[in-house]
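Protein chains: 2
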Amino acid sequence: MLTLNTYTQLYRDALLNDVIPFWQTHSIDRQAGGFFTCLDQKGNVYDTDKFIWLQARQVWTFSMLYNRVSDTSPEQSSDWLAVAKHGASFLKKHGRADDGSWYFSLTRDGRPLVQPYNIFSDCFATMAFGQLSVATGNDEYAHIAQSTFEQILRRRDNPKGKWNKAIAATRPLKNFALPMILCNLSLEIEHLLDRQLVDQTIDECIHEVMNVFYDPDLGLIRENVTPDGQFSDSYEGRLLNPGHAIEAMWFIMDLATRRNDQALLEKAVRITLATLDYAWDTKYGGLFYFMDSQGHPTQQLEWDQKLWWVHVETLVTVLKGYQKTGNQACWDWFERLHTYTWQHFPDPAHGEWYGYLNRRGEVFLPLKGGKWKGCFHVPRGLYQCWQTLKSLDLNQSATTDRPEGDLHGYFSSPPAS
Amino acid sequence: MLTLNTYTQLYRDALLNDVIPFWQTHSIDRQAGGFFTCLDQKGNVYDTDKFIWLQARQVWTFSMLYNRVSDTSPEQSSDWLAVAKHGASFLKKHGRADDGSWYFSLTRDGRPLVQPYNIFSDCFATMAFGQLSVATGNDEYAHIAQSTFEQILRRRDNPKGKWNKAIAATRPLKNFALPMILCNLSLEIEHLLDRQLVDQTIDECIHEVMNVFYDPDLGLIRENVTPDGQFSDSYEGRLLNPGHAIEAMWFIMDLATRRNDQALLEKAVRITLATLDYAWDTKYGGLFYFMDSQGHPTQQLEWDQKLWWVHVETLVTVLKGYQKTGNQACWDWFERLHTYTWQHFPDPAHGEWYGYLNRRGEVFLPLKGGKWKGCFHVPRGLYQCWQTLKSLDLNQSATTDRPEGDLHGYFSSPPAS
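Protein sequences, first through last, are from chains E and V. If you read the first sequence in the UniProt record's numbering, its first letter stands for residue 1, the second for the next number, and so on. If you read the second sequence in the UniProt record's numbering, its first letter stands for residue 1, the second for the next number, and so on.
Chain E extracted, bound-state conformation (with noise of 0.2 Å):
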């Protein structure tokens, strides 16, 4: 067992030292602009495409490193803040319709290869442009911002618009994901909303989260319901996606804690315990990427894989949920999933962290970033847990005397918050 501080090192050296200068040195596309996603194990570009998702996540990424780490030297700040730029500037130039909304792909040179079918694209630059807005002041990019997200609000009830090869009429079905980043897209840009539009927002999104989306005889969050909130016996209807519930939970959490709703933050936490004891694979470890809330088989090949995000996300969500609750079962779970996930994804030889293990844990893709994986859930989620571990740190050392080793007998009540 590792001490809090220890912990704490760990997550914070794992995101400076490594994860954010791998992308530094690998990703800076010099001569095009933008960034390179495409690395294989050691760094080097495989493929030179531009996936809209990924640019303004890693921009995302570097602005709010420069907005929220405060303990580095003013050099690196600043280098943060550059590529940060770097990544807007290609953006801003190559990567909207002349209806404003966001395409999926881009070629090396900025040329549209995918339409701007998929509302997260226009999610993942929202929140790239108002984090970097908060870094640099500059109204062009707050602009940029809020027409996005707007756009966003009015695509909500038809997202894939004229893409959507589904026919509504026959079964209607909403998706978890847009309520569940809406979510934390509300807060990421609060600084340019009306007070009003983030209040409503936000109550309409845990509403979705918590209450159409949450199932509660299953004790689980669907991924699809019917309109009104119910289960459909399909394919969609039946999916579980544990690492999407359990992402979402973070996200609750710290709105409850904004608000101060402990009853919500309580229930947070049973629906990530609920998601964890349902999805945690007990032959192999790890958690599941897909399952069937039936127990049938799903449509995803890929369902029994072990992915980065999943784990990196929940552990984001269980350390909050330890530090806000004090609920021991949430330790325990961070203890496993830290050990399951530091001897599975890192990649000691050449740095980062690999993305697609197989069930038993075995690295079947050996990329460092693709097409999903960039500069955004590692980082991120690193950065949440070293925030999170270096309160609860700061907590310890402020009210007991006690070796910093005996955390279980420390922490076995709630702490006083």
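Treat the hints as calculated values from the structure; they're not laboratory data. Hints are supplied without guarantee of correctness; some may be wrong.
Put simply, identical chains are the same to the list, so a pair is met inside one copy or across any two.
What the hints assert, rightly or not - The list that follows gives simulated cross-link-like pairs (lysine-lysine, DSS-like), each with its CA atoms no further than 25 Å apart: (1) Lys93 / Lys371; (2) Lys174 / Lys42; (3) Lys85 / Lys165; (4) Lys162 / Lys174.
Given the coordinates of chain E, work out where chain V should sit on it, guided by the hints.
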């Protein structure tokens, strides 16, 4: 080592005594019409959606058996035709949109769920009604096959139509699947087409498959190429789908036999053997599902899985290659593939075959049918292997007194064909 006669019996019995009865027992929806295809390990229905690909493929399979299998009872034969007509009736009533194109999927009772975005729904509908028109002489079936085929030809240059999310002007690519399937389709409904259209379609398909998608430097068939047949250094352009390429080679062998084109046969065998060398998993056995021609990570998380159809289609191809050219390497591959396939895919406990194995050959989705696996590749492959083995067996019996067990000695040089 088994004798030719034993192999022949094995493939015949698996088809007639296991696989076909499994679908007759479990898949027929006597209440709403059409077929259930989502069947678990024991044949229980776990989802009732109806996918046009699989509805049509099952109609084709039962029509084909009726048309081609003569050593059976009149009752069995008449049952097969009844199953085919049962599926056709559902398809005819519910399968098409107003413009005559085929939906992708329907609810159990036939209401459209997913738009007709997928041209392969039309391809398999053409096959289904083509075979059924041979079985019945029914003009309505013939007309459906013919008009659908004409529609495919009209759509072939832009098969995804308005549902295409790629911006073709930036990186135009064409995909291997359609020309590959047209090779087969034009023969399937030859009896309904103008001779000139058949010959022209076959000419174009052979050219596309063997010259345009075949990359002579690589020695393999690419899944996507530029409009003029060049390599595109992108995820799509680097993609190899070994099972697809090898399946196409038996379509080409059939066309080459029809045209008495020995050079084309030899080329198809060469490509088959090169693909097998490239895609065989030397560590765990079996053929990979997807690969990258430069050895980079694929987009497809399922790349290292072992799929039933890949192995069944490859058995057909290597047997035909051996039958038509006598190439010993084809026979050696047949034995290796036969051993792997029969050790891993069939389920003697509950019948039929598993579809989805992980890299190690372990079942990770214990289904017999789903959204993509239905009554098609296994029975078609078993039928094709059975017929090829039978003809090899007859050929052997007619031309030698050697004992059947001595296959290797007998077939080490090309048989006089």
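>> As a check of your reading, is Lys162 near Lys174 (CA-CA no more than 25 Å) within one copy, between copies, both or neither?
In response: For Lys162 and Lys174, both the intra-copy (16 Å) and inter-copy (23 Å) Cα distances are at most 25 Å.
> Is the C-alpha distance from Lys93 to Lys371 at most 25 Å within one copy, between copies, in both cases, or in neither?
Replying inline: Within. Shortest intra-copy distance 21 Å satisfies the 25 Å Cα cut-off; inter-copy 41 Å does not.
>> When Cα atoms must be at most 25 Å apart, do Lys85 and Lys165 count as within-copy, between-copy, both, or neither?
In response: For Lys85 and Lys165, the Cα distance exceeds 25 Å both inside one copy (37 Å) and across copies (29 Å).
> Between Lys174 and Lys42, at a C-alpha cutoff of 25 Å, which is it: within one copy, between copies, both, or neither?
Replying inline: The answer is neither: 40 Å in one copy and 32 Å across copies each exceed 25 Å.
Of the numbered hints stated above, those contradicted by the structure are hints 2 and 3, listed in ascending order.
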